[in-house]
Amino acid sequence: MNILPIAEYTIMENIRSKIFYILLLFVLIMIGSSLVFSSLAPSTEARVITDIGLACIEMFTLMTGIFAAVNLVLQEIENRTIYLLMTRPLRRWEYIVGRYLGVLVILCFNIVTMLCVLMLLLKVSTNWTLDPMFIWSAITIFFKMIIIIAIAMTASLVFTSSVTAMAFSFLVWVIGHFSSELKLMAEKVQSLLAKGLLYTLYYTVPNFQIFNLKDKLGIPEGMPMDVIALVLLYGITYAVILLVIGSLFFARKEF
Amino acid sequence: MPAVKIENLTKIYKKRYFLKPRYSVGIKNLNLEVEEGETFGLLGLNGSGKTTTIKLLLGLLFADSGQAFIYGHKVPDRQASNLIGYLPEAPYFYRYLSAQEIINFYGRLSGVPEQKRQKKIDELLELVNLTKNRHKRLTDFSKGMLQRVGIAQALIHDPKILFFDELITGLDPVGITEMRQLLLRLKEQKKTIFLSSHIISEIVKVCDRVGILKEGSLVRIVDLRQLKNKDEELEKIFLSTVMPAGQEIVS
Amino acid sequence: MRRGIISIIILAVILFKLQSTIESRYVYPFPPLTTMKYVEDNPYLELGGLFFGLRSLAADIAWIKTLQYYGGPNEDAIKEEHEHHTNEEEHEGHHHHDLHDNDMTAYRKLYSLCARAVWLDPYFMHVYSIGSAAIGFVQERYDEAALLLKEGVVWNYDPNNVQYWRMNYALAALGYNKVKDYKNTIAILEKMIDPVDSPLILLRVLANTYEKNEDYEKAIKMWRFISYKFPEETEHANKKMSYLDKRISEIK
Numbered sequence: 042m043n044i045l046p047i048a049e050y051t052i053m054e055n056i057r058s059k060i061f062y063i064l065l066l067f068v069l070i071m072i073g074s075s076l077v078f079s080s081l082a083p084s085t086e087a088r089v090i091t092d093i094g095l096a097c098i099e100m101f102t103l104m105t106g107i108f109a110a111v112n113l114v115l116q117e118i119e120n121r122t123i124y125l126l127m128t129r130p131l132r133r134w135e136y137i138v139g140r141y142l143g144v145l146v147i148l149c150f151n152i153v154t155m156l157c158v159l160m161l162l163l164k165v166s167t168n169w170t171l172d173p174m175f176i177w178s179a180i181t182i183f184f185k186m187i188i189i190i191a192i193a194m195t196a197s198l199v200f201t202s203s204v205t206a207m208a209f210s211f212l213v214w215v216i217g218h219f220s221s222e223l224k225l226m227a228e229k230v231q232s233l234l235a236k237g238l239l240y241t242l243y244y245t246v247p248n249f250q251i252f253n254l255k256d257k258l259g260i261p262e263g264m265p266m267d268v269i270a271l272v273l274l275y276g277i278t279y280a281v282i283l284l285v286i287g288s289l290f291f292a293r294k295e296f
Numbered sequence: 003m004p005a006v007k008i009e010n011l012t013k014i015y016k017k018r019y020f021l022k023p024r025y026s027v028g029i030k031n032l033n034l035e036v037e038e039g040e041t042f043g044l045l046g047l048n049g050s051g052k053t054t055t056i057k058l059l060l061g062l063l064f065a066d067s068g069q070a071f072i073y074g075h076k077v078p079d080r081q082a083s084n085l086i087g088y089l090p091e092a093p094y095f096y097r098y099l100s101a102q103e104i105i106n107f108y109g110r111l112s113g114v115p116e117q118k119r120q121k122k123i124d125e126l127l128e129l130v131n132l133t134k135n136r137h138k139r140l141t142d143f144s145k146g147m148l149q150r151v152g153i154a155q156a157l158i159h160d161p162k163i164l165f166f167d168e169l170i171t172g173l174d175p176v177g178i179t180e181m182r183q184l185l186l187r188l189k190e191q192k193k194t195i196f197l198s199s200h201i202i203s204e205i206v207k208v209c210d211r212v213g214i215l216k217e218g219s220l221v222r223i224v225d226l227r228q229l230k231n232k233d234e235e236l237e238k239i240f241l242s243t244v245m246p247a248g249q250e251i252v253s
Numbered sequence: 009m010r011r012g013i014i015s016i017i018i019l020a021v022i023l024f025k026l027q028s029t030i031e032s033r034y035v036y037p038f039p040p041l042t043t044m045k046y047v048e049d050n051p052y053l054e055l056g057g058l059f060f061g062l063r064s065l066a067a068d069i070a071w072i073k074t075l076q077y078y079g080g081p082n083e084d085a086i087k088e089e090h091e092h093h094t095n096e097e098e099h100e101g102h103h104h105h106d107l108h109d110n111d112m113t114a115y116r117k118l119y120s121l122c123a124r125a126v127w128l129d130p131y132f133m134h135v136y137s138i139g140s141a142a143i144g145f146v147q148e149r150y151d152e153a154a155l156l157l158k159e160g161v162v163w164n165y166d167p168n169n170v171q172y173w174r175m176n177y178a179l180a181a182l183g184y185n186k187v188k189d190y191k192n193t194i195a196i197l198e199k200m201i202d203p204v205d206s207p208l209i210l211l212r213v214l215a216n217t218y219e220k221n222e223d224y225e226k227a228i229k230m231w232r233f234i235s236y237k238f239p240e241e242t243e244h245a246n247k248k249m250s251y252l253d254k255r256i257s258e259i260k
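Chains A, B and C, in that order, are what the protein sequence lines are.
According to the numbering used here, the residues represented by the first sequence are 42 to 296, in order.
According to the numbering used here, the residues represented by the second sequence are 3 to 253, in order.
According to the numbering used here, the residues represented by the third sequence are 9 to 260, in order.
Think of the hints as simulated: they come from the structure by calculation, not from any bench.
Hints should not be assumed to be uniformly reliable.
[Said to hold, decoys possible] A partial selection of chain A residues facing chain B, derived with a Cβ cut-off under 8 angstroms:
1. I44
2. P46
3. Y50
4. M53
5. E54
6. Q116
7. N120
8. R121
9. Y124
10. L125
11. T128
12. E228
13. K229
14. A292
15. F296
Here the structure is a predicted model, which means the values were calculated and not measured.
We put the beta carbon where it would ideally sit given N, CA and C, even for glycine.
Bound-form chain A, shown alone (with noise of 0.2 angstroms):
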């Protein structure tokens, strides 16, 4: 099995890249910033802090992530260090789920790295309380990447351009937050081809509302673990389809 070792030089790459750090500081000092937002708002400043901090951790793994993810095989491609990989026993789909697995452990150390700064913060500037959903809404933020990633890789091998991929991989996230008002839509129109059409997206673009713990922190029934537990799995199927996707793809490209 290959897997390994090419998810451990994905990572490897990453982190030996300048560019990753100067985000990751760059992150940490807007999370920081969210205390001079705070202070806007008095008696709500955990929370408004909180919604921030989570708010960047989300869209800065999810810009990271997207543009790796695009990146991962085209530029290999591109640089053709591909040759040497694909003459070695390495099956294409095992290159594609090394790939992929490498960017994901980078995004979980990043989601890591954040979360622990912004609980640090919340601790030392207001009297916040870990609530088990907290952490909960991290590890959704973690699973909606596992889709995410998933989509933006497999988009690069079937448009093989890195910025349709990327095009599409932001407008598939637009339409999966949208997903519930997508369907209360679908009920509501009248003319068969929108309701299609709606109905379609609704069933094949990922729910990415369900993943979204963050916006449900406030909310008193919260979310039930075994639907957590449910949604979870989701994400992995969803995964999961696109990588195969995805290999059928690479499978058959040439260098």
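Following the hints, position chains B and C against chain A.
Quick look at chains B and C alone, frame taken from chain A:
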């Protein structure tokens, strides 16, 4: 069993140009056999199909028709990959890794067990004279040094057959001499070597047989072992083969 | 190739099954787009919040904008109003009942700004409690305040949460205040307000209601507590306390 066997191999490149497909010939009905332990050179002008042939054998490209075998394995095939060492025409490596790390990485991919791998890495670094620079990142390497790393990675899993595409292109005279010595040493070890070049004088110094490619077809195979004045004769044969009929060289 | 396609089909079926199971258990926790409340110039907060899954953050920004509109975190605007009336009374010797007879057109957008924030995040309790206090008790637009609170009660039903009960109390207090039944207003406000974690505006509402009920001693006590807990309020509290002292001596 021949090391390489190619039967009626054809590759046509298809490019879409405003939705209209455009075709260009990579190689056409190629037939070739290379014996084990032989050093075979592909000679041809740029665009004659040398790299296409090698990429088809390595599984980087897929043939439109015909087939090719490496030690009896029909390519593309993972078992065949284990027998192949490949060095592309320019050394494309991950610049953020050190010489040792990159050789180790490719060794792992080829399934060389840990202990054997470490020993082999030491040996190879010594062979290509990089022991001192083993922990330096490839960003700081010269082209000649990168080419030597390329040789080392191609040998890490002890392959039976080596593919070198334009081995000496872009190297300085010292680099060229180093590479030639390495090739001769590999030849002594009875490795099968399949290389491509457009530099006749270099091919002559190492190859046993030479195939001349012209516009995707193998037009002639020359056995250098039967030539007396290899350099001059091969040049003459080559030029007369690749030049369009009726055109004479004015010397 | 064929194996790949077969596995895609199998996985897609599993995915569909999962999705419909989740769907049956998952309630979309937000008001739908069609009920969008208030659009300032352009709905960038609404769209940003919806499309990027950042509703909670968008609500925070909407709330900060509301606070800035209302005069910043120290509620300077209220202070000005109070001072204005206090001076007037000193000159003309008006009865304190008129103390909060505010200009009804002041801060007209306050309700719609609050409604916007809670449309984005209907679980943002602070908006209901602080917003309704400002609209209802300070601006005396009882109907708007009640509308806001009712929304909060509908979205946040949770008998185990003290915040939920506070909204119900606020609704009742607002009703009594509307008919100038200050005794009952105070009775409910005292139940509702926990001095330790209540926002400034509610403490001020309580102090002012004591004053309206001619309960000057309690009002002074509350202002003292306010100036202790919110040092930035000391100046205003001192003014209030000396005014109240004057009233006590007048009565005597």
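Comparing the hints with the structure gives:
Restraint check, I44/A versus chain B: the minimum CB separation of about 11 angstroms is more than 8 angstroms; hint violated. The closest approach between the C-beta of P46/A and any C-beta of chain B is roughly 5 angstroms, which is under the 8 angstroms cut-off, so the hint is satisfied. Restraint check, Y50/A versus chain B: the minimum CB separation of about 6 angstroms is within 8 angstroms; hint holds. Because the smallest distance between the Cβ of M53/A and any Cβ of chain B comes to about 7 angstroms, under 8 angstroms, the interface hint for this residue holds.
Interface hint at E54/A: satisfied, since its Cβ lies 6 angstroms from the closest Cβ of chain B, which is below the 8 angstroms cut-off. Taken as an interface hint, Q116/A does not check out: its beta carbon lies about 11 angstroms from the nearest beta carbon of chain B, beyond 8 angstroms. Hint status for N120/A: holds, given a least beta-carbon distance of 6 angstroms to chain B, under 8 angstroms. Checking R121/A against chain B by beta carbon gives a least distance of about 4 angstroms; that is within 8 angstroms, so the hint holds.
The interface hint given for Y124/A holds, since its Cβ lies 5 angstroms from the closest Cβ of chain B, which is under the 8 angstroms cut-off. Below 8 angstroms, beta-carbon pairs count as interface contacts, and L125/A has one with chain B at about 7 angstroms; its hint therefore holds. The criterion of a C-beta within 8 angstroms of any C-beta in chain B is met by T128/A, whose closest approach is roughly 4 angstroms, and the hint holds. For E228/A, the shortest C-beta to C-beta distance to chain B is roughly 40 angstroms, which exceeds 8 angstroms, and the interface hint is violated.
Nearest Cβ of chain B to the Cβ of K229/A: about 40 angstroms, over the 8 angstroms cut. The hint is violated. Among the interface hints, the one on A292/A is violated; its C-beta lies about 10 angstroms from the nearest C-beta in chain B, farther than the 8 angstroms criterion. The beta carbon of F296/A comes within 5 angstroms of a beta carbon in chain B, closer than 8 angstroms, and the hint placing it at the interface holds.
The structure shown violates the earlier hints numbered 1, 6, 12, 13 and 14.
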